[in-house]
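Using the sequences and the accompanying hints, generate a full structural model.
Number of protein chains: 2
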Amino acid sequence: MRPAQRSHHETLALRQQLIGSSCKLFFSHDPVKIVKAKGQYMYDENGRQYLDCINNVAHVGHCHPDVVKAAHEQNQLLNTNSRYLHDNLVDYAKRLSETLPEKLCTFYFLNSGSEANDLALRMARQYTKHEDVIVLDHAYHGHLTSLIDISPYKFQNLEGQKEWVHVAPVPDTYRGLYREDHEDSVTAYANEVENIIEQAHKKGRKIAAFFAESLPSVGGQIIPPAGYFQKVAEHVRKAGGVFIADEIQVGFGRVGKHFWAFQLQGEDFIPDIVTMGKPIGNGHPLACVATTKQIAEAFAATGVEYFNTFGGNPVSCAIGLAVLDVIEKEHLQAHATEVGNFLMKLFKELKTKHLIIGDVRGSGLFIGVDLIKDQAERTPATAEAEYLITRLKEEYILLSTDGPGRNVLKFKPPMCFNMEDAKLVVDTIDRLLTGTTDQKTVESDTGSLRCISFCTTGVMQSP
Amino acid sequence: MRPAQRSHHETLALRQQLIGSSCKLFFSHDPVKIVKAKGQYMYDENGRQYLDCINNVAHVGHCHPDVVKAAHEQNQLLNTNSRYLHDNLVDYAKRLSETLPEKLCTFYFLNSGSEANDLALRMARQYTKHEDVIVLDHAYHGHLTSLIDISPYKFQNLEGQKEWVHVAPVPDTYRGLYREDHEDSVTAYANEVENIIEQAHKKGRKIAAFFAESLPSVGGQIIPPAGYFQKVAEHVRKAGGVFIADEIQVGFGRVGKHFWAFQLQGEDFIPDIVTMGKPIGNGHPLACVATTKQIAEAFAATGVEYFNTFGGNPVSCAIGLAVLDVIEKEHLQAHATEVGNFLMKLFKELKTKHLIIGDVRGSGLFIGVDLIKDQAERTPATAEAEYLITRLKEEYILLSTDGPGRNVLKFKPPMCFNMEDAKLVVDTIDRLLTGTTDQKTVESDTGSLRCISFCTTGVMQSP
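For the record, the sequence lines run as chains U and X. Residues 1 to 463 in this note's numbering are what the first sequence lists, from first letter to last. Residues 1001 to 1463 in this note's numbering are what the second sequence lists, from first letter to last.
Read the hints as simulated data drawn from the structure, not as lab findings. Just so we're clear, the structure is a prediction, and the values are computed from it rather than from any experiment. Beta carbons are placed, not taken as given, at the ideal position from N, Cα and C, and that holds for glycine.
Each pair of labels, with its calculated beta carbon distance range:
| # | chain 1 | residue 1 | chain 2 | residue 2 | range |
| --- | --- | --- | --- | --- | --- |
| 1 | U | K69 | X | E1234 | 47 to 57 Å |
| 2 | U | R431 | X | T1302 | 32 to 42 Å |
| 3 | X | Q1017 | U | E394 | 52 to 62 Å |
Shown next as structure tokens:
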């Protein structure tokens, strides 16, 4: 019934004709057509192999055979809603519970991180009977109406900030309000939240939740200083609010040392609600909210049913279980630590050579390389980052940028990304920064090599 | 890694321990454990076969081999986001566009009907620059924060009606404000909407959208009189608003005569936005919004990207295409007309025998059987309906109720539901209504047989 494979030109033309133009393409001036993928590699219609440094959804590797097999076996047997008893649902909840602090023992399954964050918001409000939400600046929590409201990254371009939303500074010790030279950035950043709460209270407003990614991603691949969440949680809970950790981009072992990124803050920190998405199903639409008995009970006390048509169906749960199995079986957490450390080491070495590299930060395979125009002001090297990304694509390496300055190279590859891949990327970036024949370079005031001739193809941020 | 199949008791215990109690089970006092399904049949852990009269998600039949095959083939090849060009995305949009009026030519793919309705709402507001929404009473449009606000079925039990929401009476000519004896129920119901708009304007409010299921389902399996949508659309568009047809439960040929339920209103009616979900992927989390170029362009004009991580991935689109193929190949639309007409004919015959049957209405395999206590008042026979559903389950027939009175037996089976299935259900209901040894019956004032002894197990409405 379907036509044979369309030409690149034809696919693009049909896309422009039929798909809403709000849905953007990577490299919109010269988009890539991908027809196949395996592990950390993607292949275009001409069989060219691309190294994928950015797809954190294909968590255990594109088209992992164990995940594909689990989906197929369950698809042949049963795929129905969660109003019937099924082992996959409870087995999956049980397995997830084993990765979390004991307190987070009640689960809800959904189809996307956005659905999870929306539910978390509803729960926080139901439990606290408060309305207001504190978020971090530049945060992105999803595409739904309720989430655009709590996403400064989005609402700043739309109708603006709602009266029930409060924006706290990102605990970014490199480019933020309090930096690495501050004597106690943890307390200073947490005090900002305390101050927001006080101001809100003065206006008669009440805090339902502090809502943050455990590691702010769109915000610029930020690693909040350890202890920050504990102090924030103290302030927020004192105000009757809850702490929601958005693990949609950063959970499932990506940070290496821990299974969940919030655990980087220390063992004494436990969020009240955790949301999961993206990598959870290796591409299958799946998401989860985990919370405490108390919050779950308050949510149920309204008597209103929560029904999610596809959420928690046997196929989704089989896939979720298979992803957990692969992470364990292939020791992907340890692998992320090893490869991530190696990649950061290489970039830190490169930093001594190219002053455009201002900061290298990360944990496991969640890494940001912050490009700057000058050492003093740390001005984001936006155009240079864009140029680099575009040139890398020509070298068949898919990388992207993040941060309000769009100057942070973000690494969040499939977890099977290996040492050779790391070396290839860093070597290529070294070569591109060193200057090749097709770019003019100038000696900047601080001595760093900067690209002043760059393409302006539409590279965009991607959560 | 996983335990062997758990006992019914163990699965239930783990579910109660791990899954939020807001997520309800069918027949919660004696839930069914389903381990397998095929076509219109489901099987429990003891191999008992149930006839499924309610799962409108397993649209072309549970575990349809063509759909399973399409998923598996694509899962092995590639599953990534829609920021790369891919044929499945454009092929699928093209195929869907062929089922719709030409004007509805721009597509967005998502993971759930709720996501689709939320996007439709955002678009309507962006396009009209208005805020308010008119919905039908008892409507249910999804589980998200923004959708509970426009779902009287839900918000009546929660914090109540927002100032930007207006509730119009359901165009129900059997139990509604204007009935079959009204000389012009179409105009009368549409005038109610006109009146709401006038009242809103007096308060300085502006209408963004009229948002309705093409056939109100949770509202009680209602068939709005033909011509109603045209008149409503006229009023709403005059006020600068748009018409959103929610086809999540009722689209994809279910109504038999047409592919979309809004087409029952007549060829001269075209919504501005159509939302699709549930049956679209035969259980796979998939949804779609179709709209006009104008609305899509207004939505894009904000410059804010719309990115849905899983939406429109090659696997989801392959599955969506396979579902369309099966509907066509197996002539399921014609089949729905034939079997649906037969089922309604049988129920209409039964109506002459059992006065508890007040109304039989429907189109294709979307059918409601309205049970009443008395002919004069048409009082909903809520308890009787619940009893019937519970007894049917004991006869291995899965049926459910809908409507504010929970008295409407709703048929929305997989589209392969056949004549024998129809006969079996009606014969069984006949037998149960006629009275068996395990129920006491009384002659009601209007002569109908009513069950006065019934179980009170938790049967619930399900959208």
